[in-house]
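Participant: With these hints in hand, go ahead and build the complete structure from the sequences.
Those protein sequence lines, which keep their order, are chains R and F.
Letter by letter, the first sequence follows residues 1 to 305 of full-length UniProt numbering.
Letter by letter, the second sequence follows residues 1 to 263 of full-length UniProt numbering.
Cross-link-like lysine-lysine pairs, in silico, PhoX-like; alpha carbons within 20 Å at most:
no., chain 1, residue 1, chain 2, residue 2
1, F, 225, F, 50
2, F, 46, R, 157
3, R, 251, F, 225
Hints listed in this document are in silico derivations from the structure and should not be mistaken for laboratory results.
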Amino acid sequence: MTDLSETLPASAASARPSEAPARPAWRPSTGLLCALPMLLLLGLGFLAPLLIVAVYSFMPRGTFSLTSAPTFENYVDIVAQNFHISFLWSIWLALLTTVILMAVCWPLAVSIKKLSPSRALLLTVLIVAPLFVAENIRLQGWSLFLDRAGLLDGGLKATVGLSTGSLTANVPVVVFGMVYIYLPFMLFPMMLGLANVPPAALEAAQDLGASRWQQFRDIELPLAAPGLVIGALLVFVISLGAFSESKFLGKGVIVTVSEDIESAFTFGQNWPRGSALSVLVIVLAGAAAFFGLRRLDLDSMLGRK
Amino acid sequence: MERRSLADRLRSAWLWIVVVVLYLPLVAVGLASLSESRFFLFPIRKYSLKWYEESFASLQIRDALWTSVALAAVVGVIATVLAVFGALAYARHDWTGKGWYQQIVLAPIFFPQSVLGLALQLWFNTLGLDMTWHASVFAHLVWIAPIVTMVVAIQAYGYDASVEEAARDLGATRWMVFKDVTFPLLWPGVFSGLLFAVLLSWGNFPLSYFTSGADVTVPEWLYGKMIGGYTPMVPALGFLSVVAGGLVLAVGLAIQARLSRQP
Chain R
1 MTDLSETLPA SAASARPSEA PARPAWRPST GLLCALPMLL LLGLGFLAPL LIVAVYSFMP
61 RGTFSLTSAP TFENYVDIVA QNFHISFLWS IWLALLTTVI LMAVCWPLAV SIKKLSPSRA
121 LLLTVLIVAP LFVAENIRLQ GWSLFLDRAG LLDGGLKATV GLSTGSLTAN VPVVVFGMVY
181 IYLPFMLFPM MLGLANVPPA ALEAAQDLGA SRWQQFRDIE LPLAAPGLVI GALLVFVISL
241 GAFSESKFLG KGVIVTVSED IESAFTFGQN WPRGSALSVL VIVLAGAAAF FGLRRLDLDS
301 MLGRK
Chain F
1 MERRSLADRL RSAWLWIVVV VLYLPLVAVG LASLSESRFF LFPIRKYSLK WYEESFASLQ
61 IRDALWTSVA LAAVVGVIAT VLAVFGALAY ARHDWTGKGW YQQIVLAPIF FPQSVLGLAL
121 QLWFNTLGLD MTWHASVFAH LVWIAPIVTM VVAIQAYGYD ASVEEAARDL GATRWMVFKD
181 VTFPLLWPGV FSGLLFAVLL SWGNFPLSYF TSGADVTVPE WLYGKMIGGY TPMVPALGFL
241 SVVAGGLVLA VGLAIQARLS RQP
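Facilitator: Written as C-alpha cells, this is what we have:
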C-alpha cells in the first residue's frame, strides 16, 4: 500500500498521472483498467444497495418508497419495541463463536503446518469441501444427528441402552452450530498467518532454552497475528448475520437480528424497520472490518515476492 | 522431547476428530435419505430408495436443479473473467488507488450475507427490476467475484513478472502479452477460482433466497420444506446435492493436479 493511496479517495487517486518515472507510461492505467469491471460490479452491487438501505432506514414506518420526509422513528422503535435484544444476542453469539474458534483452530493450524505437503493438501481439501454444501443441509444433518431418536440418541439406545433425549432447542447447540459452520473461515486465515513463522526461529528459541509457552507467546503468536486478526474479523462479521443455526438447531429458543430483519421485510411489511436494523449490523460489521484490515499489509499477507 | 511429541500426537488426534465431526451431519443426511419411514428414527428399520425416486419424479425438484445448475455455471464463468482482471489489478500492477481497491474488494467478503441479500432485494425493488434467477446471478457475483479475485491474486503474486517485460521488449503488444504470457501463467489459479465460484454458487442459500423471486434453487427448495414440515425428500435431495458438489470437486481437483504437473 502506498502512502498516497491512503490519503486520497479512490477516484482522485486514480485520476492522478503516474509518478514513477522509471516505469513505462502505460502501466498505472493498466492497473486501473483491470480494476474497472470489478469496481463497477461492487459500486452497483454493494455500495449502492447499502446506500439504499441507509436511506430507507430514515423513511416513516411501513412506507415502500423513498419520497417521504426523513425521520428517526425506526431507530427509536428498535429500542422501544425491544428489537435491540436480538441485536445483542447476535453480537454475543458472534463473539462466543469467534473466541471458541480461535481455541479450536489454533492446534489444527499448528498440526497441519507440520504435515507433509501432500497430506496438508488433502486435509485442506477435506476441510474446504463442506463449505460447498448449503449450510441448511448441514444443519439439517446435525438436527437428524442430535434430535430424539436421531443418530446419537437412537444409536446409544440400541447399543448400550442410554438415552440422551433431544439435544437441540437450546442456546449451546446454536453456538455449536455456528462454530461448526464458520470453522474454515477461522482456520484458513490462521494457516496463512502461521506460514509466516519460520521453523528456524522456533528451533533457535528452543535451543536458547525457551519453554513451549514462551515460544508460543513471543514468536508464534506475534508473527501469526495478522492471520489471526483476519480470521477473527471474518468469523465475527459473517456470524453476525447468522440465522439458520438458531432456526434449525435452536428451534426458535432465540431470535437473531437477521431473523428480525427478514421478518420485517416479509411478514412485518415494514421495510424501514428492517433497514434500520440492517444499518446497525452494517455499521458494526463495517467498523470491525475497517479498523481491523487497515492495519494489515495485504500484499505481504498473500505472498508478494 | 517426550512432552512435545505427546502434544503433537494430541494435536493430530484433534485434527482427525474435527475432520470426522465435519462430515458427521452429511452421514446423517445420507442415512436419513435411505430410511423408508416418513419420519426419521434411528436405527433404521427398513432401507429404501423410494425418496430418491420421488425426488427424481418431482417437477419442482427438477426445476430447482436446473435453476441451480444454470446459476452456478453462469456465475462461475462471469466471476472468473471479472476476477482475472480484478486479480491483476490487485496483485500484479502498481497503480495509484490500489490500496483502496484492495480494501473495497475485500468488503463484500467481510459482510453478513443475509444482510447483503436483503440490501440487494431492496435495491432491485427500487430500480423496478424483475427478480428471477438472473438477479441472483448478480447477487452471487457481488460475493463470489471478490473471493475468486483473492484466489487468482495468490497465483498472480507468485509468478515472475519479468517474463512479461521480456515479451514486451521483444515487441509483443499488450494483448499478446496477456494472451501468451500472463494468462497461461495464471491459469492454475484461474482454474481453482472457477471451481470455487461454481461450488460456492451451488451451495449458496442467503443470496438466492432474497433475490431469486419466484425461481427456486436447490438450497431454497430445501429451506422451504425444512420450514414447512419435514419430508424424507429433504435429505434425499440434500444428499444428491452433496454428491453432485463432491463430484465436481473431485473432477476439478484431478484436472488441477494435472495442470500443476505441467511445466
